[in-house]
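**Student:** All chains, please: the whole structure from these sequences, using the hints.
Protein sequence lines, in the order shown, are assigned to chains B and D. Just so you know, we're using this note's numbering here: the first sequence kicks off at 1 and counts up by one. Just so you know, we're using this note's numbering here: the second sequence kicks off at 1 and counts up by one.
Derived by calculation from the structure, the hints in this document are not laboratory data.
Derived DEER-like restraints, expressed as beta-carbon distance ranges:
no.	chain 1	residue 1	chain 2	residue 2	range
1	D	T78	B	T27	20 to 28 angstroms
2	D	G40	B	V30	29 to 37 angstroms
3	D	E140	B	R31	28 to 36 angstroms
4	D	L36	B	G8	49 to 57 angstroms
5	D	L80	B	L82	13 to 21 angstroms
If you only want the chain B side, here are some residues facing chain D, beta carbon under 10 angstroms, derived:
no.	residue
6	D18
7	E19
8	L57
9	V58
10	R83
11	L86
Think of the CB as a built atom: it goes at the ideal place given N, C-alpha and C, for glycine as much as any other residue.
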Amino acid sequence: VTGAEQAGLCGQAMAHMDEFIDDELPTVDVRERISAHLLACPGCRAEFDQEERLKQLVRRTCACDSVPDEVRARIEIRIAQLRVQLEHVTDERLGYEQVTLTAEWRRSGFDR
Amino acid sequence: MVDDTTGGGVPPAEADVDVATETEDERKARFDRDVLPLMGPLYGNAMRLTRNADDAADLVQSTFERAYKGFRQYRPGTNLKAWLFKIQSNAFINDYRKKQRQPLLADSDEVEDWQMHRAQSHGAVGLRSAETEVLETLPEQAVVDALDQLSDDYREAVWLADVEGLRYQEIADIMGTPIGTVMSRLHRGRRQLRSLLASHARDYGYLSRNDTPGADS
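**Tutor:** The structure is reproduced here in C-alpha cells:
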C-alpha cells in the first residue's frame, strides 16, 4: 500500500467515525471494511478508541439527573387534576354530569 | 402515584394494544404504566435543554400535560421515549425558547462545512491518545458543565445519541431536521465537547499546557 493509498483509506475511515461508533453505517460491508482498516492502522484505531471513550464518558456521567421529589409530586398531582378536568369537559359535552361525579368519587377512593 | 387506575384492570402489553377499541380507563392505566416511569429521562433532557432546575421542572410538567392530552396519537409499538422527547422539544421551543427570544442558529452552511471537516485524516483533528484517559478522571460536574456550554442544537444531538441511545432517524424526527444535520451537529458537538473538557483539564492542572488539542503537526 502506497502512502497516498494509505491516506485515502484513513480518510474514508475517519469520514465514517461517528456512524461507526453510533452503529449507524448504512451497510455491513462498509462496517467490515472499516473494521479491517482499524486492525491494520494504529493511528485510526487510536482515534476511534478516543471517540468511543468520549461517548461512554458522556453516557456514564450524564445518565444521573434524578427527579427531585417535589417535582415528581407536583407533576403527579397535575396529571390527576388534568384527568378530572378532561373528564369534566367530555362529560359536559355529552351532558352527563353524573360521570364527573363518578370520577370525583372514584378519585377520592370510595369505590375500593 | 396517580390513583385513577382502579377501573382499568391490567393494560395489555405495549404491542398488543388496539387503540381503536381501548377504553378510556385502559388508556389511563397504560399512561401510568408506560409514560410516568419515563419522568427520569425527560427530566434529564429538560435539565440539558433549559440548564436550570426551575425551568426543567416546568418543562417536564408541560411535557406530561401535552403527552397526556395527546396520548391517543401515540402509536403503540413505536419508540415511546422518542415520542415524548419530540413533545418535549416542541414544548421547549414554544414555551421557553420563544420567551427568551433566543434566535435559532442558522443552519444553512452547516452540513457542507462538516463534510469538508470530517474528511480530514486522523492527526489533523484528533488529540493524543493519552488525552481521553485524563478526561476520564475529571469530576462529573466538569463533564456536565462542558455539555451545558455547547450550543442548544449540539447539546441536544449529543445528549439524545450518547445518553439516550436514540437512532439518527429518531433524533432527526425530534429535532425536525434532515439526518445530515443531525450527523453534523453530533460531530461538531463531540469535537467541541472534547476541546472544552481538555481546556478544563488544563485549567485545573490535569493536563499540561503543552497538550494543546488540534495542534498536532
